[in-house]
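There are 2 protein chains.
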Amino acid sequence: MSSTSSKVVDIHTHMYPPAYVELLESRKAIPLIRRFPGVKDPRYVILPAEAEALDKITSGSDTAPTNLPGRPITTHFSSLAQKLHFMDTHGIDISVISLANPWLDFVASESAGETAKSINTAFSEMCASAPGRLFFFATLPLTAPPETLVAAIGHIKGLKYCRGVILGTSGLGKGLDDASLVPVYRALAANRLTIFLHPHYGLPSEVWGPRATEEYGHVLPLALGFPMETTIAVARMFLAGVFDAVPELRMLLAHSGGTLPFLAGRIESCVAHDGHLVREGRVGPGRRTIWQVLKEQVYLDAVIYSEVGLKAAIDASGVDRLMFGTDHPFFPPLNSDEQGEWESMTWNKQAVSKALGADSEGARAVMGGNAVEVLRLYEEEQQAGDEA
Amino acid sequence: MSSTSSKVVDIHTHMYPPAYVELLESRKAIPLIRRFPGVKDPRYVILPAEAEALDKITSGSDTAPTNLPGRPITTHFSSLAQKLHFMDTHGIDISVISLANPWLDFVASESAGETAKSINTAFSEMCASAPGRLFFFATLPLTAPPETLVAAIGHIKGLKYCRGVILGTSGLGKGLDDASLVPVYRALAANRLTIFLHPHYGLPSEVWGPRATEEYGHVLPLALGFPMETTIAVARMFLAGVFDAVPELRMLLAHSGGTLPFLAGRIESCVAHDGHLVREGRVGPGRRTIWQVLKEQVYLDAVIYSEVGLKAAIDASGVDRLMFGTDHPFFPPLNSDEQGEWESMTWNKQAVSKALGADSEGARAVMGGNAVEVLRLYEEEQQAGDEA
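Order-wise, the sequence lines are chains A and B. Its first residue numbered 1, the first sequence is counted upward by one per residue in full-length UniProt numbering. Its first residue numbered 1, the second sequence is counted upward by one per residue in full-length UniProt numbering.
Accuracy of the hints is not assured; some may be wrong.
All copies of an identical chain are treated as equivalent in the list; a pair is satisfied when it fits inside any one copy or across any two copies.
Said to hold, decoys possible - Using 20 Å as the maximum straight-line C-alpha spacing, the simulated PhoX-like pairs for lysine-lysine come out as follows: (1) Lys160 - Lys295; (2) Lys28 - Lys354; (3) Lys354 - Lys311; (4) Lys354 - Lys56; (5) Lys311 - Lys295; (6) Lys117 - Lys160; (7) Lys349 - Lys7; (8) Lys295 - Lys354.
I should point out that these hints are in silico values taken from the structure, not numbers from a laboratory.
Please model the complete structure; the sequences and the hints are all you need to start from.
Shown next, in the form of structure tokens:
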């Protein structure tokens with residue numbers, strides 16, 4: 001294996017462990033997983049339109065569906081051997097795996113704590129079975145009562161391969177600028193657990209217009225809704241003062257920050273020119289800017305599929321804060337073998353080479369060096385233990 | 001005056017001519033302009049929350065408002081002398097003025113044609129009164145019947161200083177990917193009238209969360225909602241095939257394309273990986289990519305307030321497709337004299353210098369050279385006349 005500094009690390013890569021698949025198979029409302037007789041892979045149904053199609057099949061009013069609803073849950077989603085095969089095929093030394101959206105957002109309050117514990121234990125065991133190759137971001141039981149949430153942080157901070165948590169944008173139901181989340185942010189920061197912020201809900205579907213559902217596939221919600229959701233969530237945290245309140249908070253933002261690097265200048269201008277904020281004295285010398293947040297408290301993944309965006313992300317946060325990722329197992333190749341090379345890997349890798357030069361020091365940092373340093377991807381890691 | 005190539009041109013700068021102010025003063029529902037006794041500037045009320053505050057004052061239930069609702073319509077909005085003063089203060093040689101949002105979106109169908117004609121005539125006369133200093137983007141009566149809309153294009157194509165139209169994202173009510181708009185795009189393209197695409201509606205307010213209205217001023221809708229709205233509108237046009245259907249269409253996108261340069265890579269990846277689009281054969285060799293649209297059919301203004309975003313815009317579209325703008329009279333300085341220097345000018349100008357080098361060839365192109373060439377900002381311009 002290559003030296004630490006030239007390791008390739010994938011920090012944006014998802015797994016659905018068997019316990020999560022079973023949970024989704026037991027559900028009657030979306031999100032759910034359904035098996036069909038004679039069809040190899042079960043289907044994962046998450047969108048309302050897909051649920052309607054499923055109802056027609058279940059009720060017998062659609063007896064010969066041309067396309068099964070949802071997306072196939074292939075072995076890429078649930079098999080550790082397949083994950084390791086993907087890594088080997090693409091020269092990835094280490095993966096920091098995480099549960100995919102929508103995590104445990106739909107789980108009832110009373111069972112969320114136990115469910116999170118079983119999922120996080122499953123991730124922990126997966127990592128232990130491939131020592132040195134896998135670390136993970138844990139899942140929080142956000143629908144559970146506060147004491148359960150605190151206990152969950154207590155559990156994950158003791159897990160040897162856990163380096164943070166994956167978090168959606170809904171928080172406890174009111175978004176990430178909810179003041180009730182500040183103690184959670186403090187506990188995570190005190191235990192050096194990085195938040196991997198990931199979108200799921202996108203934007204209200206009306207913004208895509210009347211032609212989207214029939215004609216544009218999933219392009220608009222995925223290509224625009226996802227990064228815009230992330231941007232809005234971080235901007236709300238910024239305006240709420242979360243980054244000031246918890247200076248040790250560290251967040252890794254999916255999809256290179258959504259659109260934050262591109263819009264940071266406009267955010268600063270709108271803050272500085274807002275009569276309401278200026279009158280309230282929230283704008284003035286010494287206040288933390290969004291640029292400071294980008295350079296001091298935020299890391300960005302490099303899942304952006306072009307050097308144009310990647311350069312802007314590097315300009316905004318610094319080459320030492322970008323981390324390569326693939327988004328595997330999403331976006332499988334449609335015109336080639338799923339066991340071969342994925343464009344989601346090659347496009348993002350090419351963007352790094354084009355932006356920084358192939359095999360340059362910067363490219364090596366983005367491809368893995370930063371992740372090893374920032375997330376402490378060493379076997380011998382000692383947990384923070386009793387700091388929180 | 002300096003040579004053509006080093007002229008400074010502001011292509012994003014708004015005016016409310018007296019006819020438009022009178023129209024807004026006559027209205028009882030938002031958007032409206034209201035005068036208050038003893039208060040110098042009338043107030044422009046556009047948001048539902050501002051309308052509620054206005055109702056309380058009008059009904060007498062709020063007799064001592066601490067803040068008048070809406071924003072002051074200073075002379076910066078309606079006075080040509082003030083516009084010229086702003087230009088002189090900031091070294092702007094030429095301004096391409098346009099009506100500000102929401103244009104004529106609220107005007108009844110039967111009067112929209114006449115209203116547009118009077119507004120466009122007023123702009124035309126303003127430009128003629130300061131020859132060589134002013135050109136304009138006209139306003140279309142989008143709520144009018146189709147024949148009125150066609151007649152309006154016939155009117156504006158004969159106006160000496162008109163170089164295009166300013167357009168919001170609602171189109172005829174169904175967005176800019178509405179197939180009914182294709183003939184309008186064709187007529188504009190045939191007359192070399194550039195579309196200046198500008199946001200107004202932002203995103204549904206629920207995305208800003210429960211704290212936004214009270215605590216975050218107008219930052220989120222303006223800083224994020226505006227550019228996201230623009231991005232969504234262009235992506236919908238792209239997916240609808242508008243740029244293929246009208247290859248001569250030219251669009252100038254406000255705020256450096258919203259977030260399009262940053263998200264273009266993700267858009268391409270989502271298109272290439274969309275099972276629905278691939279099955280329909282809409283994805284394959286030879287299709288026009290969003291990168292081609294950015295480099296061949298789109299221009300971007302440089303109203304982005306930072307070199308990080310500006311560089312990405314240049315990387316995406318080319319240094320010959322960026323055009324400086326100020327967004328005057330919006331975002332006035334809050335801590336200094338409105339007759340002096342505006343940060344909206346200096347921040348955007350500094351971004352150009354930092355991205356391209358002060359006084360470099362590229363900087364001169366972005367600061368004005370591109371606009372002079374692309375929009376034909378010459379006194380002696382011959383109109384296309386009977387081309388359409």
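Results of checking the hints against the structure:
no.: 1; hint: Lys160 - Lys295; verdict: neither (28 Å within a copy, 49 Å between copies)
no.: 2; hint: Lys28 - Lys354; verdict: neither (47 Å within a copy, 56 Å between copies)
no.: 3; hint: Lys354 - Lys311; verdict: both (9 Å within a copy, 15 Å between copies)
no.: 4; hint: Lys354 - Lys56; verdict: neither (48 Å within a copy, 59 Å between copies)
no.: 5; hint: Lys311 - Lys295; verdict: both (14 Å within a copy, 18 Å between copies)
no.: 6; hint: Lys117 - Lys160; verdict: within (14 Å within a copy, 71 Å between copies)
no.: 7; hint: Lys349 - Lys7; verdict: within (13 Å within a copy, 41 Å between copies)
no.: 8; hint: Lys295 - Lys354; verdict: between (22 Å within a copy, 19 Å between copies)
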